[in-house]
Amino acid sequence: MPEGPEAAHATDVLIRIGVRTADHPEERRVRAAAAQLGVKGLEACRFWTVYHLEGPLSDADVARLCSEVLVDPVTDGAIVGEPDVAARAVEVAPLPGVTDGAARELERAAAVLSLPPLRVATARRYELSGDIDEADLTVLTQRLLTNPTIECSGIGELEPSFAPTWEAAPAAPPVPLVGLADEHLAELSRRRRLSLDAAEMRAIEAHFASCGRDPSDAELETLAQAWSEHCVHKTFKAQIHLSHTRADGRVEVSHHDGLLDALRQATAELDADWLRSVFVDNAGIVAFDDELDLAVKVETHNHPSALEPFGGANTGVGGVVRDILGVSARPIACTDVLCFGPEDLEEADLPAGVLHPRRIRDGVVAGIGDYGNKLGLPTVNGAVLYDRGYVGNPLVFCGAVGLLPAGSHPTSPRAGDRIIVIGGRTGRDGIGGATFSSAGLDATVVGRAGSAVQIGDPIVEKGCIEVVERARDGGLYNAITDCGAGGLSSAVGEMGAELGAEVDLASVPLKYPGLQPWEIWLSEAQERMVLAVPAAKVAPLLELCRTWHTELSDIGSFTSSRRLVVRHGDCDVIDLPMELLHEGLPGRTLVATHRDPAASAGPAGEPPVADSGKLLLDLLAHPNVASRESIVRSYDHEVRGGTVVRPFAGPGADGPTDAAVLKPLDTWHHDKAVALAVGLNPRLTPLDPWAMALHAIDEAFRNLIAVGADPDRVALLDNFSWGAPTRPDTLGSLVRAVQGCVEGSRRYRAPFVSGKDSLYNEFDGRAVLGTLLISAVGIVPDLHRVATSALGASGNDLWLVGHGSNRLGGSIVADVLGIDDNRVPPPVVDPLPRYRAVHDLIAGGRVCAAHDISDGGIAVALAEMAIGGQLGLRATIPADAAEPGTSGDTPFGASGNGSEASGATRPGLVAALANEAPGRLLLEAPAAQRATVAARLGELGRRIGTVTGSGEIEIHVAADPAGGSTPLPAGPGHLTVTLAAARRAFGCRDSSP
Amino acid sequence: MSGPPVLIPHAPGTNRDTEAAVAVAAAGGDPRIEPVADLAPADFSDYAAVLLPGGFSYGDALGAGGRLALELQAWFGAELGDFARSGKPILGICNGFQALVKSGLLGHRNFTLAANAGGRLECRWVTLRVEGDCKAGWLEPLGESLIRCPVAHGEGRLAVTDPTAAADLEREGRVAFRYLASGPSGGAAGAAAGSYPANPNGSVNDIAGMCDPSGAVVGLMPHPEDHIVDWQRPSGPAGARGSALFEAFVKAAR
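Just so you know, the sequences run in chain order E and U.
Just so you know, the working numbering puts 754 at position 754 of the first sequence, and the rest follows in order with no gaps.
Just so you know, the working numbering puts 186 at position 186 of the second sequence, and the rest follows in order with no gaps.
Note that these hints are calculated values from the structure, not bench results.
Worth double-checking, as some hints may not be accurate.
[Said to hold, decoys possible] Some but not every residue of chain U turned toward chain E, in silico, with C-beta under 7 angstroms:
no., residue
1, Gly13
2, Glu34
3, Pro41
4, Ala42
5, Ala61
6, Leu70
7, Ala114
8, Pro150
9, Glu155
10, Ala159
11, Thr161
12, Pro163
13, Asp230
14, Trp231
15, Ser235
16, Pro237
Cβ coordinates follow ideal geometry from the N, Cα and C atoms, glycine included.
Bound conformation, chain U alone:
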């Protein structure tokens, strides 16, 4: 297969790896799902990008993504750090985002992903806006476009140590995606302002995704890989697919 090789690590309990691979392939990348048990630190040099997919790694037994975060840190921390510093994109979706946050790969731990405000897993379609002033350079081709896709998580509420931390994240351009309220026809109608169900988990400032201070590492809770063709959407006009995100990701990996 041609296209830049994209590593999709698979830990026990990972489960949206196949959809992520389909989305990467559709965007022109060469996805390779590799069990974490088979990965060696040296293998990272074979890849142009890393995508940590969704699921319940290790059953989320010690907090969502926590065990996987520990392995990323303990076994591949240096390699992933080098990877990001060289500008190769790293994308974490849902459980992958949780693991990135908890491993510290998304920066200083003044924010976390906590239990949803509703207290349980929530599965529903949401509308995201790509934040134009986000410092993740590889998201630039997306502009301020919209993505409609589902969330399906129990621990996706972006929480911060104190209000200044949220303001800092905003000022530093670390907010990559925001939940929007949708209008009557499914189009966007402004920020969700914390209100359920448009903001499905109670995230501060309606934040759905973040990047690290370098901009190479991006994570988000919703699943753009589940909306790459029109028939996947539940209703409303066609468009606002997640495929654009994977195209930008693969482009940055070239």
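Chain E extracted, bound-state conformation:
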């Protein structure tokens, strides 16, 4: 049957159809958001979806389309022809060429109905009424209804924005470069936004001077992509000289020969026999059971999400899922970690050209849900952080996990293999994404970078998933990779690095005509995979693609020439030696500085807290502690039927859990399961990036342990989002964080298996809050032996594992009470004994609940357990300051930042309730298990209380560091809050148990 549009006929008509659904959620959203923007006079919003149809349509055809496709008889009304022109209306339409799924599906629906071929364009129409003036209309249009990155808008009726149809003769004109002086090379790099420095431009100039010609535009762009920070990680491979000033003024100078190598070396030293493939492919691969391996990857999509939150996050999920496909694995789950500016940021504090954090958050959350849900992948774990350090540069980390039969991923393309592209068509979208993400943001980028962000098409990617799994099982390809940053240029260039490749761009299917060869070659259009396919296997692969509605194109072949040769029909586009692409990049030597904060004894005293119960409620209501239900429930975390521990626990399913546990389909014949967790603590980065990294590792690790994962089978992933490494102190903190990762890998005996750095996260020359995300993947030996944070039964014992600290730097309570403390709690020196003990107790079925102590400290953790379990508790928490064994050490290891006086003073009440020292867990166990638990924990843990049916959370702070049984008398050392009050403060949606 006919698919897609054809050329318009003389009898074509242009029809406009507006459809309105009664009480559409968008109408409520607009009214609420308008009020938040200060437009108080908006009384009503009528939301219409507009379809522009062009084709030889009769009135009867239009009526059929309306009744059978567009208009729901129960909820919808429609207007064919001119809308209500008297209404005050804003119309918004996707820019030509932006993904418009509804338009495409309507064209196909017409074909299903055997109607003549149509061209369709869509728009949204908002009819606004009330006491609003032109200024209000402008505010609503610009700040709420439209994103100019991907949309156009206007007051009144817009012309339809059909996809462009103009043709252009292919050309790859030379760029004058040979013989240019340094300053002109630099100017050329800036003007074409190549993000290459003087030495790199000079290396390119030297190559072409030796060839006696200038590069074509496509050659220059190809080199810029291949040598971009995003693709080749120049900073993580650079030589770095670090000058580190200690708190006491000593200066240590050290030389670092590649940060990436340091992480790889740490992994290699552990020599774990369950590692399959680390740091070399699209994703890390570790063993799961006797037959199957797990593939894991976490990516960032920060800059796109800053400009177009929905599309940026949407394609972030799509990209990381393709990384999993790129190691021949079937994706089984997604994770996401999001960092935004404060939700209540005053409009006046918003820099020009920046979207409000609320709008970014709503768009990002919708984009993640849209893509993961539509792929049928459960989004099971993650985090959301709010901090002023993310106002101009939000962070979006997207993770994915996949499953593949051990040894089933082919990685050797052969000369003669066809270069096959499957999935989406190529458009002008995303051009320059790799170089774009290797440069900082500023207000002018926001204005001109439109083409760098795309809207995803998850259904096309779903087709790729089905095809790749079957093609792998059928042995239909010799190598596979995804088309990510750099597009075909990067994918073909990397696959053919040892061979050579010849490509004809005229064979690449386009979304619309008119693309120049370099645009086709470098387009970052989504949902494409590149495969090296033996000629005899192309036909079966094509048949597979037909079944799963996936487009396939054969664009060339791998050769043995060691050259990359690209043409477009008769037009020569690229002829470069592979060696130049992959080995021609000059190495970098960078200078880094780091200065530890001046040693401080901490604040002179704690601020007086008259009502410690209110303090607990304030902590629970803090934006970085409160319930994430309103976000998380918009992600399907149940699809694939294997979610054992989900984001929420307890009878009301509203207690926050620490990690996800998944039982993949096809593995139900045994009891092993996968655990996923994350850890990050960027508030510590400005204080001590080395300790920050160890804290992040500990958090991810203890989250895994809390749900029942084996501490001796944990794999880690690192994702660094940092500012410009050309600034020595920014680079210095990055180096310290990497050193912390290396130390953490040793202390926890947990290898890094994959990582990614995203640098140049800047706005207006200010670096983002340096953020290290640690993701951890573990194995739960028996899915029936897991724990969640929700308390189980009154009468059970509560146990505390680990020791607190009186250092409050970076803590939630320091933020709530305005405590000025730059001391970071010391990282755990010897973490494994405690985590092995906890694991033994959970795996042995001795523990009913477990919860990690993190943001907000022990009082918050206890309250969360009560909230989830809908039970009360009574606990006496110890007033100990520092972990035994650390006070005599230099608590910060090599950093030596401050030292704890031995026999530490008893901390104040606030520190006892809310310090965020690492290495701590709370356990709930039946009283009958008391002796067993005590025996296994020994010195590692203490019994601190009891679960009650009282409906109250009662917390005492012990008078002595031993955490003895003599509670302080009533007063600030004793707090009681009702479960109902705690649930309200935390933001439980349904407050009645």
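Got chain E; can you put chain U on it based on the hints?
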């Protein structure tokens, strides 16, 4: 494989097909996932039952399930009609339910599945009661039993043209499943009476699933295929699994 052959059509964007197949196989059926592109009208005679699974067929680009509904109607409308008239069961779950409603296979369009009252996708576990007076004969073995399972949809609010339409559906025995409020221990505590979160989407009369006037075609929004073994449940006592529904479905296909 033995057992009655059950067709599970797969459209681009379908995604709970594998779980549905696992549930059918566990109930003794022979599930066969077939891409819609490969189906011919004559193929329907090879099957004893049809299960339209969940997902986002065609990205829900023209309303949830709308594009798939159009194909079912245009390409296989007659075959599916014959199928139901011969008493072979047809079950639609989530997106499959949406497609059944919009294709007219669940009867006259005086009801629809509209955007959730909350305005967004909602994923949570719910408790369903199988309605004893439902005229879907193949649900009879279930009695008035309970099923606990998750919902995960954005357009699952059962809406009607007017209050009399709802009363008509009730009187005709067309209501197959209802959302229940759950008690403190996870057991049922009566109808949800429209209140969130027990009724997760604001459906009229807490309706979670329907049947057609013949009783052969049944659709529901929640996912009983995601609760067929005990470890899948989040909390509370074991039982109230969705497997019973698939056992009844396969039994009716024999």
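Cross-check of the supplied hints:
Interface restraint check: glycine 13(U) against chain E, minimum CB-CB distance 4 angstroms, threshold 7 angstroms, status holds. At a threshold of 7 angstroms, the smallest CB-CB gap from glutamate 34(U) to chain E is about 9 angstroms, leaving the interface hint violated. Evaluation of the proline 41(U) hint against chain E yields a violated restraint, the C-beta minimum of about 14 angstroms exceeding 7 angstroms. The closest approach between the C-beta of alanine 42(U) and any C-beta of chain E is roughly 18 angstroms, which is over the 7 angstroms cut-off, so the hint fails.
Given hint, alanine 61(U) at the interface with chain E, holds; its Cβ is 4 angstroms from that chain's nearest Cβ, closer than 7 angstroms. Satisfaction of the interface hint for leucine 70(U) is found here, the shortest Cβ-Cβ separation to chain E being roughly 5 angstroms, below the 7 angstroms cut-off. For alanine 114(U), the shortest C-beta to C-beta distance to chain E is roughly 5 angstroms, which falls under 7 angstroms, so the interface hint holds. This hint holds: proline 150(U) has a C-beta 4 angstroms from the nearest C-beta of chain E, less than the 7 angstroms allowed.
With 7 angstroms as the threshold, the beta carbon of glutamate 155(U) stays out of range of chain E, its nearest partner Cβ sitting at about 10 angstroms, so the hint is violated. A hinted interface residue such as alanine 159(U) counts as satisfied when its beta carbon comes closer than 7 angstroms to some beta carbon of chain E; here the least separation is about 6 angstroms, so the hint holds. At about 5 angstroms, the closest approach between the beta carbon of threonine 161(U) and any beta carbon in chain E falls short of 7 angstroms, and the interface hint on this residue holds. At a threshold of 7 angstroms, the smallest CB-CB gap from proline 163(U) to chain E is about 13 angstroms, leaving the interface hint violated.
For the restraint placing aspartate 230(U) at the interface with chain E, the shortest Cβ-Cβ distance is roughly 9 angstroms, beyond the 7 angstroms limit, so the hint is violated. A least Cβ separation of about 6 angstroms between tryptophan 231(U) and chain E falls short of the 7 angstroms threshold, and the interface hint therefore holds. Proximity of serine 235(U) to chain E holds as hinted, the smallest CB-CB distance being about 6 angstroms (cut-off 7 angstroms). Taking 7 angstroms as the C-beta contact cut-off toward chain E, the hint placing proline 237(U) at the interface is violated, the least distance being around 11 angstroms.
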